[in-house]
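Colleague: Residues per chain, in single letters:
There are 4 protein chains.
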Amino acid sequence: MTRYGFIGLGIMGSAMAANLARAGFDLTVWNRTPGRGAELEGLGATVAASARQVVADSDITFAMLADPAAARAVCDGDAGVLAAMAPGKGYVDMSTVDPATALAIEEQVTRRGGAFLEAPVSGSRKPAEEGSLIILAAGNRDLYDRSLPALERLGKKIMHLGPTGNGARMKLVVNMVMGQMMAGLCEGMALAGASGLGVPDLLEVLDAGALANPMFRLKGGLIQRGDFTTSFPLKHMQKDLRLALALGEQSGQPLFAAAATNELFKRALALGLGTADFSALASAVDGFRRP
Amino acid sequence: MTRYGFIGLGIMGSAMAANLARAGFDLTVWNRTPGRGAELEGLGATVAASARQVVADSDITFAMLADPAAARAVCDGDAGVLAAMAPGKGYVDMSTVDPATALAIEEQVTRRGGAFLEAPVSGSRKPAEEGSLIILAAGNRDLYDRSLPALERLGKKIMHLGPTGNGARMKLVVNMVMGQMMAGLCEGMALAGASGLGVPDLLEVLDAGALANPMFRLKGGLIQRGDFTTSFPLKHMQKDLRLALALGEQSGQPLFAAAATNELFKRALALGLGTADFSALASAVDGFRRP
Amino acid sequence: MTRYGFIGLGIMGSAMAANLARAGFDLTVWNRTPGRGAELEGLGATVAASARQVVADSDITFAMLADPAAARAVCDGDAGVLAAMAPGKGYVDMSTVDPATALAIEEQVTRRGGAFLEAPVSGSRKPAEEGSLIILAAGNRDLYDRSLPALERLGKKIMHLGPTGNGARMKLVVNMVMGQMMAGLCEGMALAGASGLGVPDLLEVLDAGALANPMFRLKGGLIQRGDFTTSFPLKHMQKDLRLALALGEQSGQPLFAAAATNELFKRALALGLGTADFSALASAVDGFRRP
Amino acid sequence: MTRYGFIGLGIMGSAMAANLARAGFDLTVWNRTPGRGAELEGLGATVAASARQVVADSDITFAMLADPAAARAVCDGDAGVLAAMAPGKGYVDMSTVDPATALAIEEQVTRRGGAFLEAPVSGSRKPAEEGSLIILAAGNRDLYDRSLPALERLGKKIMHLGPTGNGARMKLVVNMVMGQMMAGLCEGMALAGASGLGVPDLLEVLDAGALANPMFRLKGGLIQRGDFTTSFPLKHMQKDLRLALALGEQSGQPLFAAAATNELFKRALALGLGTADFSALASAVDGFRRP
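Residue numbers (my numbering), protein chains in the order written: chain F, 1 to 291; chain L, 1 to 291; chain Y, 1 to 291; chain C, 1 to 291.
Extracted from the complex, chain F is given alone in its bound form (with noise of 0.2 Å):
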């Protein structure tokens, strides 16, 4: 029986690291600040001393790390992931990170023989509660076979994209056009306010016909009440445009509509916004109208 591990329990690991615990798979866990494992101990897991001692008792390991700088430092030192690696075993790194992070990391881990797979994730805390992620996989083939069964408790789709940076590639376009959707949203709800029409008269027509997507029915109605808690901060959406438009720029593809959306969230962060929800473009579109 393949023996798993899992790094990182904050809000999205720990939902994650559940759902394979429940799944009755056999389970090392790991945090750096103490104490977040005590639910998973509870669900049958074991939780080790540090994260070299996961990859030790483990022979595929699953990370989930905050940023690029928390996936590398987690690798590195003697209490690290690659002070155990060796031939045989597979680290699976789910942390959302630029691919040449995810470059780096696998460089690494294959240089003491271990296979890597870059695998981040769309969705956030609800989906990974419910195992309904949206994996975006890509480097090592066979450790991507040999996790599926891991996989497939986490996300509902799960998909290889070739060679290790595809993953964070792919994060960066999906999130670009996620952007240009919020930019389409607010500039139409603007104009439908400006020119006398019912605001929500437009999110009902919008949900009724082949534009209908979750995104506009979720935000819509937040943004016409004002509520712009934070669930995606709009500085990370800023920052994922500019990657997007520099990836354009080294791929020789001028992307118009898409410098145009980044200026207006430059715009919303000038405003202050950088840490209210990305909805909260709303208020760059049409802000100068109120007092």
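Worth flagging that the hints you see were computed from the coordinates, not collected in a lab. Hints should not be assumed to be uniformly reliable.
One copy or two, either will do: identical chains are not told apart, so a pair holds if it fits within one copy or between any two.
Here are the simulated SDA-like pairs of lysine to any residue, each with C-alpha atoms no more than 25 Å apart in a straight line [what the hints assert, rightly or not]:
| # | residue 1 | residue 2 |
| --- | --- | --- |
| 1 | K157 | R217 |
| 2 | K157 | E204 |
| 3 | K239 | A270 |
| 4 | K156 | R217 |
| 5 | K157 | R125 |
| 6 | K156 | E39 |
| 7 | K239 | L269 |
| 8 | K157 | D26 |
| 9 | K156 | P200 |
| 10 | K235 | R217 |
| 11 | K157 | G198 |
| 12 | K239 | D286 |
| 13 | K239 | T229 |
| 14 | K239 | D67 |
| 15 | K235 | A210 |
| 16 | K157 | S124 |
| 17 | K239 | A194 |
| 18 | K235 | L222 |
| 19 | K157 | G193 |
| 20 | K239 | D201 |
Remember, predicted model here, so these are calculated numbers, not experimental data.
Dock chains L, Y and C against chain F, hints included.
Modeller: Leaving out everything else, chains L, Y and C in the frame of chain F:
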């Protein structure tokens, strides 16, 4: 029992009138080009000799004409709609026209004591046949209430949007958002292709999450196969974007992302794609990398 | 000796007519509002009783009216230009009008056997007084040649640009470039200020190199002092940008940077700056950082 | 008498050093590739064996290197600038570098007791030869004052812009405005051509009025003839636009028109025009109408 009339039996109109006839309503129909009423007679409708005759024999007359010029022409002359318009009668124009045309027809109808309702639809042939159109009504509220039993046979979603002109305006706003979503889809697909990602992978990811919508699902695959068979002509989309920007100009609402999108559609027009489907925008976004 | 006429003695027209009178030309003048001809009589001109009288007594009649409506109105009626138009006579309209208006007046003049020249000017009061306007003539080439001795008293640069309509079109293109240069200046000044540079330093650097131009020199300092006294109203600049974009739409020429510039001017309009100088664009570019 | 040094004798540096030598200054020079000092020896300069030797023998050393990497490399090592840096000595780096590089070199120089001045220039070979550069100095004010007698032989316009980094920043802002003016020129020329106007006529009109500037005069004719011989490479202009947009992002300044301009330059890059002159942007603006 209310007597209904239906003027304009083209692709859309004949399907809509058939739904009214099948529902057992008392229905009189007319079309400028003769011979279109045969099938409707089989369903129990009466074919009149003129638009005037339809109005004379009906309490409420629906019209579905090709464009603003046709919508105005059917009203005028000895055999026209206005010749029989009188107090107690209602006229529901479901053609796609600009706000000025709707207001002009309303003025003529009400001057003769009739009531007017503007009711453009969102959706094409298939929803017309299935009675699942989105109906964007505006104008006389009482006529709206009296027309509802019939409108409910034509559409799955029927809304009253306020004073006459708002139906036409709402269509512009919705089509603007549609154009921006198409630009987002095309730039996303172009960036995916240029940066080494699988374009079908992107479509699969988009369809699995919060951005999933029928338009991406339908058009994404067609774009991928280079199939630009016209469903909604690109030149009409560009015209609607131009009119939406003009509406923004009149309403004091700048629209930076929509303006960039409009230039992309203008670029597609300049490439000779005006009569292709509006999804042919894809060729203008990344076309320069093709021979 | 050629007899000249001049119709329209506003700020521009009276200065231009005075230059012709001072040059010793045989000159008959008329203005809709009486009393404007006194100074010109002192310079040797004859004041006529109507526009028709001017045309009747002149070989070539110049006109300088406020707008397209005035340019058309002066032609019509018993006392209008057309009433005296005849073979051998020339009519040179120097008003700023759209191509359609110029073509319509040309059609009426030539139908009566006259010759027509469109000749809008670039430059305002001061160049009109100094005879240093830029004259953008288009239309009848023979009339252009015959008018040159007079035009050379009015402008320092006189060009014949082809068929009627090209004068109006050239003004649109030049004003579009002017709007884009103004956007560049305002964004540059805003970026300098936001990033800790001295804005006067930027203006000094711009004025020292290959980008140096009279508009930056004049407007840069005024913007810096917040002096937006109207020389060219912002709403007219935005209108010209809209018309230039429409010309691009008809000509198959997308204009991405001009379209973004147009949205900036629309934002300034929405801020209530339409009657301020077009350099008030500066407030729309960085205005959100002010209280 | 102040002893001056000059490091970096490329096209720009050799012309600048020659101006100092001709002015009779005590001058020691060095270049990484030997043999470049011969002409300068003829003018009275001394050729040193290393960058260190130049600094050792000079009170104030000027440097003109190719790029940030070269500017840093010349400082390091046993034979480098820093090896001889000492209290009382000044180092004036006139290379074009980013703010971070300028600050890093300043830190190293001042740690050894020296004084640092950043002084990038605007202008290319010809102004370098004629001593008519624009010099954008920033940093140590005392060193600026002491360097003025020499700087006045190199430039016609010498400015002190505040703390180190402001020289590099000012160059970015000026180049951004230059890129926007080039976009305006190219879109104007494209619109003129597409709408039936004579492009040379447009250039003549632009050069006669308030928009007249040396860049339009020079580049307009070259674009018209399709001559894109490189004076300032297009890829460098696009890089500066990207950096200016990034500066705006850090400073809270959205730049809508500059962002659209950047995408136009990216489109030109994608067409393979990176090493052509930046005026080759014209091909990206209207290129789709060419075969």
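Colleague: Within, between, both or neither: how does the pair K157, S124 come out at a Cα-Cα threshold of 25 Å?
Modeller: The answer is within: 14 Å in one copy meets 25 Å, while 32 Å across copies does not.
Colleague: What label fits K157 with R217 when the C-alpha limit is 25 Å: within, between, both, or neither?
Modeller: both (22 Å within a copy, 16 Å between copies)
Colleague: My question is about K157 and D26: at a cut-off of 25 Å on alpha-carbon distance, are they close within one copy, between copies, both, or neither?
Modeller: within (23 Å within a copy, 52 Å between copies)
Colleague: How would you classify K235 and L222 at a CA-CA limit of 25 Å: within, between, both, or neither?
Modeller: within (19 Å within a copy, 34 Å between copies)
Colleague: Cα distance capped at 25 Å. Does K157 pair with G198 within a copy, between copies, both, or neither?
Modeller: Answer is between; shortest inter-copy Cα gap is 16 Å, intra-copy 37 Å.
Colleague: As a check of your reading, is K157 near R125 (CA-CA no more than 25 Å) within one copy, between copies, both or neither?
Modeller: Intra 16 Å, inter 33 Å, cutoff 25 Å: intra-copy only.
Colleague: Checking K239 and L269: alpha-carbon separation at most 25 Å within a copy, between copies, both or neither?
Modeller: both (11 Å within a copy, 23 Å between copies)
Colleague: From the Cα coordinates, with 25 Å as the cut-off, is the pair K239 and T229 best called within, between, both, or neither?
Modeller: Classified as within; 19 Å inside a copy, 37 Å across copies.
Colleague: Are the CA atoms of K239 and D67 at most 25 Å apart within a copy, between copies, both, or neither?
Modeller: within (13 Å within a copy, 28 Å between copies)
Colleague: Between K156 and R217, at a C-alpha cutoff of 25 Å, which is it: within one copy, between copies, both, or neither?
Modeller: Both: 21 Å inside a copy, 18 Å across copies.
Colleague: First find the shortest C-alpha distance between K156 and P200 inside one copy, then the shortest across copies, and answer within, between, both or neither for a cut-off of 25 Å.
Modeller: between (32 Å within a copy, 18 Å between copies)
Colleague: Classify it for me, K157 with G193: is the Cα-Cα distance of at most 25 Å met within a copy, between copies, both or neither?
Modeller: Close across copies (21 Å), not inside one copy (38 Å); limit 25 Å.
When each numbered hint is compared with the structure, no violation occurs for any of them.
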